[in-house]
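Peer 1: Generate the whole structure from the sequences, applying the supplied hints.
Just so you know, the sequences run in chain order A and B. Using the working numbering, the letters of the first sequence map in sequence onto residues 1 to 366. Using the working numbering, the letters of the second sequence map in sequence onto residues 367 to 732.
Fair warning: there could be bad hints in the mix.
Claimed, not checked - Below are the DSSO-like pairs computed for lysine-lysine, each with C-alpha atoms no more than 30 Å apart in a straight line:
#	chain 1	residue 1	chain 2	residue 2
1	A	K93	B	K459
2	B	K459	A	K85
3	A	K41	A	K7
4	B	K451	A	K93
5	B	K692	B	K373
6	A	K85	A	K41
7	B	K451	A	K85
Stated by the list, open to error - The calculated label-pair distances, taken between Cβ atoms and stated as ranges, are:
#	chain 1	residue 1	chain 2	residue 2	range
8	A	G52	B	R458	34 to 42 Å
9	A	D53	B	V530	34 to 42 Å
10	B	P443	A	D118	43 to 51 Å
11	A	K265	B	L620	32 to 40 Å
12	B	L456	A	G181	26 to 34 Å
13	B	G600	A	E87	56 to 64 Å
14	B	Y508	A	T4	53 to 61 Å
15	A	R92	B	P724	52 to 60 Å
Honestly, the hints are just simulated from the structure, not real lab data. As the structure is a prediction and not an experimental result, all values here were calculated from the model. For each residue, glycine too, the CB sits at the ideal point set by N, CA and C.
Here is how the chains run, residue by residue.
2 protein chains.
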Amino acid sequence: MELTLDKLHDFARGAAFLGTGGGGDPYVGRLILQQQLAGGKRVTLIDPADLGDEDLVVPVANMGAPTVLIERFPNGPAAVAAVRKIEELLGRKAAAIMPIEAGGVNATLPAVVGALMDLPVVDADGMGRAFPELQMTTFSIYGVPGSPVVIKDEHGNEVVVQAVDDNTAEWLARVVCMRMGGKAEITLYPMSGHDAKTKSVPRTISLAMDIGRVISDARSAHDDPFTALTGFFGAADPARFCEVLFDGKVADLLRETTRGFAIGKLMLQHIDGSGEPMEIVFQNEFLSARIGDHMLATAPDLICILDRETAEPITTEGLRYGQRVKVIGVSVPPVMRTPEALAVWGPRVFGVDRDYVPIEEIRHPG
Amino acid sequence: MELTLDKLHDFARGAAFLGTGGGGDPYVGRLILQQQLAGGKRVTLIDPADLGDEDLVVPVANMGAPTVLIERFPNGPAAVAAVRKIEELLGRKAAAIMPIEAGGVNATLPAVVGALMDLPVVDADGMGRAFPELQMTTFSIYGVPGSPVVIKDEHGNEVVVQAVDDNTAEWLARVVCMRMGGKAEITLYPMSGHDAKTKSVPRTISLAMDIGRVISDARSAHDDPFTALTGFFGAADPARFCEVLFDGKVADLLRETTRGFAIGKLMLQHIDGSGEPMEIVFQNEFLSARIGDHMLATAPDLICILDRETAEPITTEGLRYGQRVKVIGVSVPPVMRTPEALAVWGPRVFGVDRDYVPIEEIRHPG
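Peer 2: And the structure:
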């Protein structure tokens with residue numbers, strides 16, 4: 001499968017959807033990839049099942065707060081240099097590039113690197129969405145070490161982190177990224193084709209393209225894109241729960257770029273002014289949504305904020321007072337809901353004082 | 367020349383003197399070295415002139431605020447692991463270990479590493495004293511790159527910084543050190559024997575031993591150690607200026623561990639309560655000493671605070687309200703006073719709004 005110019009808008013929109021607020025502005029992600037495709041480069045997607053077991057697969061990402069990523073764009077050549085460094089450290093050539101997250105620019109940067117290096121991009125990722133920290137991946141959860149983490153800036157500075165565990169890798173890499181100006185290009189979790197097949201969330205790049213296309217098709221047909229999305233996820237195999245959780249407007253916004261993240265919370269009023277507001281907490285990504293004491297959804301389930309007319313995904317740094325939005329919740333695949341996975345990205349990790357309950361059970365108990 | 371147990375007290379005291387407040391507690395430095403020597407290990411010093419031009423010389427240091435170093439001791443095995451990593455990166459074996467600074471534990475840690483690895487320790491350093499930041503070395507000033515900087519903690523975490531310049535190496539390594547708990551073992555400025563001969567401050571380890579011995583000899587003979595120190599530096603070849611700048615007690619102390627450093631200032635009252643107080647500003651090391659508008663000494667000249675009876679050096683983290691002290695100023699060798707060197711560690715670098723004036727010209731103008 002090839003990722004061509006005509007699929008780019010849908011892909012970027014879908015990646016922003018899966019980004020659940022994080023992963024950077026899809027407009028930026030689209031631009032950097034468009035530049036390569038318009039210049040004649042090609043992006044080939046490879047299904048994880050088609051990888052050779054011994055292939056070296058190298059995930060690449062742009063690390064940083066989304067509030068910084070809109071001012072400092074992802075740098076393709078720096079990311080390529082990071083891949084080259086991993087190859088040098090391991091003494092092997094990469095056979096494929098992979099995203100670590102399916103959200104925002106981190107879905108598109110691997111495609112840019114694949115185009116520049118003439119390598120296929122694996123149609124899979126380690127988060128099935130976007131998450132704020134490097135250890136929050138199925139790779140880490142199911143045993144692929146994050147280190148060596150190669151961190152590059154566009155000035156030629158390079159840092160290699162070899163940590164005893166992935167939480168420490170995140171802890172060390174984050175400050176390096178902050179000192180590099182709040183964003184850096186990284187490679188990490190270099191792995192075998194076998195691990196890429198068995199320890200990733202598969203087909204999330206094609207899923208992003210599908211989500212983007214569902215939204216644009218509904219718009220073209222003057223259908224309701226929210227109904228289209230619910231239908232799309234319900235028809236998936238296996239089916240995924242998808243429902244509108246709130247229809248309202250941004251009434252209050254507290255957003256701070258601190259500790260290397262965009263952290264804060266958001267209050268939404270009902271569109272007709274009635275009832276209690278919804279509070280959404282974020283650390284780069286939208287992590288929990290509650291109305292009063294009632295928690296409607298938490299990570300790892302997707303909490304997406306979309307324009308209430310066009311269903312265009314809105315990112316953390318794109319939030320503005322008065323925006324009219326719908327919040328939708330989407331369940332995640334079983335591989336992301338195991339006890340091991342919830343220990344890494346369940347609600348308690350993000351300071352929510354309750355155990356994880358699948359979104360479909362919250363919405364339709366019993 | 368061998369660094370033996372009987373020389374250890376003098377060496378540690380002299381290293382604390384050259385540390386000008388920084389470089390960590392000499393007691394800690396002495397203990398870690400004593401442990402090796404008592405266990406049968408030996409430390410051989412090598413004069414820089416005796417190095418082979420092609421030898422690989424590896425400087426090692428403990429990075430961190432002195433306020434942290436008294437709680438978390440330097441770790442010999444982690445420093446050895448950092449040397450091994452540099453050897454791996456360069457594909458060569460180290461022929462000798464070298465201090466980057468002659469102050470405190472950073473004078474003794476290289477001796478510990480030399481003992482553990484059975485390698486000689488070069489009788490020279492890159493600062494001729496202690497300075498707070500990694501780029502503040504004659505190595506950097508005269509063209510030896512600081513990178514790769516290998517940073518190790520005692521848990522097995524490792525970070526390698528390859529920066530485009532040494533200020534950036536310091537900027538990146540400092541936060542890594544902070545995240546490693548405020549101290550880390552590092553190797554940096556790997557260099558040839560030729561560079562070690564021509565781009566270091568020579569014979570600063572033997573100088574530390576001499577300074578320590580001058581103080582202990584004066585005590586044993588019931589002579590004034592301050593007179594002895596002045597005489598010792600005056601008789602050096604070339605002669606070095608040394609004078610008591612102030613005789614007083616600690617009247618006020620502002621000390622904060624922040625940005626990875628111990629930063630603050632100190633007010634000293636005259637011992638008889640008369641006259642204006644002296645203000646000494648520090649960032650790990652004592653960097654400037656003034657009375658009112660009159661600046662008495664600035665970096666790179668040495669500003670040492672010693673117990674007013676015993677002349678025992680007092681470190682930044684050892685400062686206490688009410689201590690009775692004498693402040694002495696000592697000139698530094700010409701290699702540390704060139705325009706290139708003053709651009710790196712002259713007073714303006716530390717926020718003092720004036721050009722460098724050699725201490726002997728301030729004290730005896732015209």
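Peer 1: Each of the hints needs a verdict: does it hold here or not?
Peer 2: Evaluated hints:
{"no.": "1", "hint": "A:K93 to B:K459", "result": "holds (28 Å)"}
{"no.": "2", "hint": "B:K459 to A:K85", "result": "holds (23 Å)"}
{"no.": "3", "hint": "A:K41 to A:K7", "result": "holds (15 Å)"}
{"no.": "4", "hint": "B:K451 to A:K93", "result": "holds (23 Å)"}
{"no.": "5", "hint": "B:K692 to B:K373", "result": "holds (25 Å)"}
{"no.": "6", "hint": "A:K85 to A:K41", "result": "holds (23 Å)"}
{"no.": "7", "hint": "B:K451 to A:K85", "result": "holds (16 Å)"}
{"no.": "8", "hint": "A:G52 to B:R458: 34 to 42 Å", "result": "holds (36 Å)"}
{"no.": "9", "hint": "A:D53 to B:V530: 34 to 42 Å", "result": "holds (39 Å)"}
{"no.": "10", "hint": "B:P443 to A:D118: 43 to 51 Å", "result": "holds (44 Å)"}
{"no.": "11", "hint": "A:K265 to B:L620: 32 to 40 Å", "result": "holds (37 Å)"}
{"no.": "12", "hint": "B:L456 to A:G181: 26 to 34 Å", "result": "holds (29 Å)"}
{"no.": "13", "hint": "B:G600 to A:E87: 56 to 64 Å", "result": "holds (60 Å)"}
{"no.": "14", "hint": "B:Y508 to A:T4: 53 to 61 Å", "result": "holds (55 Å)"}
{"no.": "15", "hint": "A:R92 to B:P724: 52 to 60 Å", "result": "holds (57 Å)"}
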